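Same order as they appear, the protein sequences are chains D and C.
The working numbering numbers the first residue of the first sequence as 1 and each following residue consecutively.
The working numbering numbers the first residue of the second sequence as 1001 and each following residue consecutively.
Rather than coming from a laboratory, the hints here were simulated on the basis of the structure.
Keep in mind it's a predicted model, so treat the numbers as computed, not measured.
Certain hints may be false.
Non-contacting residues of chain C with respect to chain D, defined by C-beta distances greater than 10 Å in every case (computed) [what the hints assert, rightly or not]:
#1 Phe1020
#2 Tyr1199
#3 Asp1266
Which residues of chain C face chain D? A few of them, derived with a C-beta cut under 10 Å, are [unchecked claim]:
#4 Gly1190
#5 Ser1192
#6 Leu1194
Every residue, glycine too, gets a C-beta built ideally from N, C-alpha and C.
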Amino acid sequence: MSKPRAANEPYRLPPPLFDARCKACWFTAAIVLLVVASFWSLDLQWAQFLSLDALRSMGRFVAEFFPPDTSPKFLQKVAIGAWETLAMSALGTGLAAVAGLALALPASRLYEGHAARARTLTRLILNALRSIPELVWAALLLISAGLGPFAGTLALALHTTGVLGRLFAEAIENAPPGPGTALRTHGVGNGRVFLYATLPQVLPQLLSYTLYRWENNIRAAAVLGVVGAGGLGQLLAFHMGLFQMGKTATILGAMLLMVAVVDAASHGARRLMTR
Amino acid sequence: MDPALHTPPMRDPAWQGRLFWMLALVVVLWPLGVATEFKPWVLLEPDNLKVTRQFLDTFFPLAYDAEFLAMVARETWRTVAMATAGVTLALVVAIPLTLINTRVLSVSALSGRMARGPFWLRQAVRWLLIVLRSIPELVWALVFVRVVGLGPTAGVLAIALTYGGMLGKVYGEILESGETHATETLLRNGSSRLQAFLYGLLPTNAAELTSYTVYRWECAIRSSVVLGFVGAGGLGQQLDNSMKMFNGGEVASMLLVFIALVALADKVSAWLRKALG
């Protein structure tokens, strides 16, 4: 008589929970370790945060936000701040687009076999510009440009130059080489080849990158003022520092409104373009 | 035959249009320059130039004594830990909201229109997510510093709320854009919504969800440095202190460490996303 088959043959057993050869297991283990170490090493004051006392002070804090200050005089001040924020982001992005394009040229290999000697160095500079956030740039620039929106504009421009320069360089390197080669075989120089063959091809892409960054920069510009670089953020830091919560609430409302309007506008524009 | 036809035009045929648009651009940019007090020559005024040069002169030599380096290492870890803890808590916020929010998991939507109650619940969650992510993390941090005092708690909470909003929104979009046939079948055959999520929706989208989360973790490291500037601890706070004391050597060293940290996070995140496919 044959033996009854095992209900669960050995090779059908579920795999062991941890296997030294399983990449995902190591990945998960590393993440769990990182998370545990993070929570363990930070002295997070949950007890203080969740205590009755803290909750009460939180409640009081939120209650102070109401009613928001809506006197016409203050609203006008907020409107000026919002306009300043918008102008900072637009001008900063514009400057960054120009500087980014100027740096993208040495950072890209223009044709097959092009030596592109400055490529590595320029890319290094772009990465450095990009990895320092706008706010840190603003804090650094305050020293030479003084308090005010000018420092904020330059800070936005520097960070965005890093971001756009890299994106532009990728776009230029990935442009179809046909028209450029045609001009180059007739002896046209690099500058003119770029202006009349490469640029017209990549311009729509460059524009869409720039618009996308502008959208990001409007959000960034709103908070840059916290270190003293102008716009809505400066108003916010000022009135919050004086504990004028009604005014703070108005400014927060204005920020939310601005972000919402920009989001809606860009969403609408993208839908129009893709239709 | 006219010889002019044979020689190619030496001038750009479209120069008039280009000149016009250049001038138009300047006219548009003028009010922006006024609003932002855009005066580049301020940078070159002798007073400002002197201050700048003095500050830049202190950049070298870089600060590298053992005590300082130990402090930088500790604060760098705190920055990473703040970002990691923040993203973990953001997941705690985002996952339940995503489960409520996802249209695919609606039982009433299987047969025509979604019922009114669930519809408004989903709409409410959507608005909550929008509010959470449209307040910048820096503003959340300013608020929490008032409530819980200076320290990493405020930073972690700020990251948790903003990133909770972002993750919740994008998770919802990922889940709804993928293949939903398996999930629908499970729901139609009487599985619970949680079962349909775990066995239908999650396996098809797991790689994309993880890769987006890793990308956001990388962003959180960058923003946790910024949060230090309002008193949430970490590398940003030390940078702010050194800057206020015009200690250029320390500022330069910390900026270099920061650039290296961001580059490392960039590499780790790119590698992980590639490994996930």
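Cross-check of the supplied hints:
1. Distance check for Phe1020 of chain C against chain D: the nearest CB is about 17 Å away, which clears 10 Å, and the non-interface claim stands.
2. Interface exclusion of Tyr1199 of chain C from chain D stands, the closest Cβ pair being 15 Å apart, more than 10 Å.
3. Distance check for Asp1266 of chain C against chain D: the nearest CB is about 8 Å away, which does not clear 10 Å, and the non-interface claim fails.
4. Given hint, Gly1190 of chain C at the interface with chain D, is violated; its Cβ is 25 Å from that chain's nearest Cβ, farther than 10 Å.
5. At its closest, the beta carbon of Ser1192 of chain C sits 22 Å from a beta carbon of chain D; the interface hint therefore is violated under the 10 Å criterion.
6. Contact between Leu1194 of chain C and chain D, as hinted, is not supported at the beta carbon level, the nearest pair being about 21 Å apart and thus beyond 10 Å.
Hints 3, 4, 5 and 6, counting from the list given before, are not met by this structure.
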